[in-house]
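**Student:** If you want the building blocks of each chain, they are given just below.
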Amino acid sequence: MAVFNLNVNGTKQKVDVDGATPMLWVLRDQLKLTGTKYGCGIAQCGACTIHLNGVATRSCILPVSSIGSKAITTIEGLSELGEHPVQKAWIEHNVAQCGYCQNGQIMAAAALLKNNSKPSEEQIETAMKGNICRCGTYVRIKEAIKSVSRT
Amino acid sequence: MSVINTKYGRRSFIKSSFLAGGGLMLGFNSLASLITEGRALETIPDEWFNINAYLKISSDGVFTIKAPHPEFGTDVRTSLPMMVAEELDVDWKKVVVEQADYKPSIYGRQYTGGSRGVMEKWVPLRTTGAAARQMLIKAAAKTWDVPEAEITTEGGVLYHKASGKSAKYEEMAARAAEIPVPEKVALKDPKDFKIIGTSRANVDLIKMVTGKAPYSSDINREGMLYAMVVIPPAFGMKLKSFDALSVKSMPGIKDVFSFKTYEDGYKRNMFDTNAFPELVAIVGNSTWEVLNAKNKLKVEWQPFTEQSFVMAGFRGEQTVVVPPGLESSSDHKAKMKDAADKPGRQMRKDGNPEEVFKNAAKVIERTYSAPFLPHYMMEPITSFAHYTDEGLFVAGPVQSPETTINTISSRIGLPPEKIHIELTRMGGGFGRHFHAHCLTEAAVISQKVKAPIKLQYTREDTTNMGSYRPACLAVYRAALDKDNNLIAFHVKAGGVPDNGLNANAFPAGAVDNYLAESFSIASNITSGWFRAPGDNFIGGVEQSFLDEIAEAAGKDPIEFRLELLKRSKEKPVGARADYDASRYAGVLELVREKSNWAANKKRGVAAYLCHRAYAAHVIDVVVKDNVSRVQSVFSAVDCGIVVNPDSATNMVEGNVVDAIGHAMYGELTFTKGKPDSSNLGKYRLIRMNEAPKNIEVHFVKNDIAPTGLGEGPYPSVFGALANALYKATGKRFYHQPFIKNSF
Ligand code: FES
Ligand code: FES
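Chains A and B supply the protein sequences, listed in that same order.
By our numbering, the letter at position 26 of the first sequence is numbered 26, and the numbering carries on one by one without gaps.
By our numbering, the letter at position 156 of the second sequence is numbered 1156, and the numbering carries on one by one without gaps.
Chain A with its partners taken away, still in its complex shape (with noise of 0.2 Å):
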């Protein structure tokens, strides 16, 4: 066990965990923000991402020792009441259904959008590819980055 000093949301954090915890359950158990989701632990279905330094980052097989004093932001610190851009588009396009994906489909895009204001339809896929929807929202996900895109 190490003690941990990290910057998530903009607020310092405290946490007393093994080095190698990945930062998806030090986020999930120790700082109760459960917004970012486990969903296969290997970095393969991008439901953990997060931003370091604001690049989207798989939460899952970050070690909470390789951090530092690198910025997380989760989505629970994009924005509180969902006035992010990214967060009412999807609001206005009705993207979820079961929506345990989301929070990384909505960062992942963040992410996106904030080095490519236009993205192409194929950035679109190429950056987004890395996110799975079992309830294949795909269409709808996309169609709300297209329209951050135009704005």
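Bear in mind the hints are in silico, worked out from the structure with no lab data behind them.
Treat the hints with care, as some may be off.
Claimed, not checked - Pairs of lysine-lysine residues, derived as DSS-like cross-links and limited to a Cα-Cα distance of at most 30 Å, are as follows:
1. 1693(B) - 129(A)
2. 1337(B) - 114(A)
3. 1569(B) - 1337(B)
4. 1362(B) - 1601(B)
5. 1194(B) - 12(A)
6. 14(A) - 1682(B)
7. 118(A) - 1093(B)
8. 1740(B) - 1624(B)
9. 88(A) - 1093(B)
10. 1448(B) - 146(A)
11. 1298(B) - 129(A)
12. 1672(B) - 1701(B)
13. 1333(B) - 142(A)
14. 1212(B) - 14(A)
15. 1693(B) - 1727(B)
16. 88(A) - 1212(B)
17. 1267(B) - 1450(B)
18. 1569(B) - 1701(B)
19. 1267(B) - 32(A)
Given chain A, put chain B with the ligands in place with the hints provided.
**Tutor:** Frame of chain A, contents of chain B with the ligands only:
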């Protein structure tokens, strides 16, 4: 307008009196965080009036409507309350939806599956809303001393035009709560609907996009411990021994023990499907620490030689004998092929098919197959339990709380009244959560360690402890006469263990000589209901086969189907046909028009009836760099009245994408009882770059009572895709997954 006896409503009202206190408290506790359509409840109203178990009206005009069914993604938390709000005649913006407790004595059957929610609650929920509105009218009539018949309502306001009096519902709510339930109420004519038939956003959207929609895996409680189970590595194996000391001293580990999910001699209910009823539990302070211990635990397994138990089923109790052995997919294939070569169990016979096949001008025979599929819900199985002297609180993914509560009750020795099952949102289900053994397991673990616990399956455990879509095989034969008329049709289908062939489905009734046979093969690999059970295979392959018959007969595939449907409608063959030929034809005609069918020759079509919804799809496939991808899908669906069109459209799109994904890539094979791919990486699910670029959904407009959409549009997608792939590549696709197309 139809007048309806309030049988359902009265049942709620009678019970609501004893619910009142608890219901009120629940309202206060959970309302502060509720948001609907962007509207936050900033102030908690002073007073709430329980009009009935489904409805609470606050003194400041917030209407809380209970959603009776557990939600796993079909949006019944929006569509069902819409039915209450419609007849109540309130402004949807003022409605807040709350999950109902599990109380079947009040809410009727509360389960999710079989696409039945909307259908079963269609009359009861509207009756409830109408009865409440009637009570408010009575209260106003009494207060104003005017005849009830002169009172009208609109958007939550009562009006008496002649005197110019008006009152908001909330002003009359206290008085209305005192009024006895009307014996009969009038339900609206569909043409007067203001909420039903209009698109309303998913009531949980804001919570879902801000990470606040709680799934059972998100539950955190003071003093909660984390648990995982260690399951046998293969079907056909059971626990031999384990060495608790090998991990007990690892950091954060509290307890390691084995347990049985069922007591010896327990009679299983029909959803107690479970290949591994004895597990090892590891309990500790965090998921990570428990996972580390799970990976280190020394445990020995052994093959079982004999296993049998009594289980209830649709046809009463039976003794289930589980065959021993470590099965491989190659064995399954050989056995299915063998069974298909022998006469099967006859399910239906019309005319004299054997004779007609002998003398036919043309005979076509084709074999189709599909592998086992895991449900692969996005949320790995997770459940929460807290056992105390007062009772048990459990939450977990559960499609059938009514059977699950009995399993738990019998195992932990608490009467069902002392068990509270929380109906939390599920991260998908697709049929898997009928078999909610994880709730019993969590309850047993909590009882043992005397603490609230969260039981987390890994993704691998979730896949390996599946109740899969069975592996299936079907052989079809068709006979044509010299004028290319379909004169005989024969299907023989089965699976490991079976595939639920409906012998009275189309094209039964449309062909003079018809034979349907089935076979089944016993296995110790557990299988269960998977989105559109049985149909998800048969529907697709039957539609591929019809495509080949149409081609052999030189007919347009839509025209060919319409001819058969016409025949079945005008001169049905046999005693029974489980479909309405006009509605079947209706979706084909609609999809033909909307897709502009004739405009493109390289496309596939299919239509199927499943779970009371008729669906037809036209699919366009484009091949680029040797990779086939669906470009566009046009879907026409007849599910009766569409309660929430945008949500229904989303559901059809989901069916389309899910079916394309499973048809193309879905495959779970076994080697010596062990699943060959337990996680992504090896197991393939459809991704955005493989999904259709456009999906256009159209609904048939009619006033027929609605049915659900979770499954109906699913099977025909498999067929339309196979037919489209043929047009795009020149190759027929007989074996799923289509990326392999081999048996
Ligand atoms: S849980 Fe991290 S990518 Fe799947
Ligand atoms: S909405 Fe269910 S997995 Fe995406």
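**Student:** Of the hints given before, which are not true for this structure?
**Tutor:** 2, 3, 5, 6, 7, 10, 11, 12, 13 and 19
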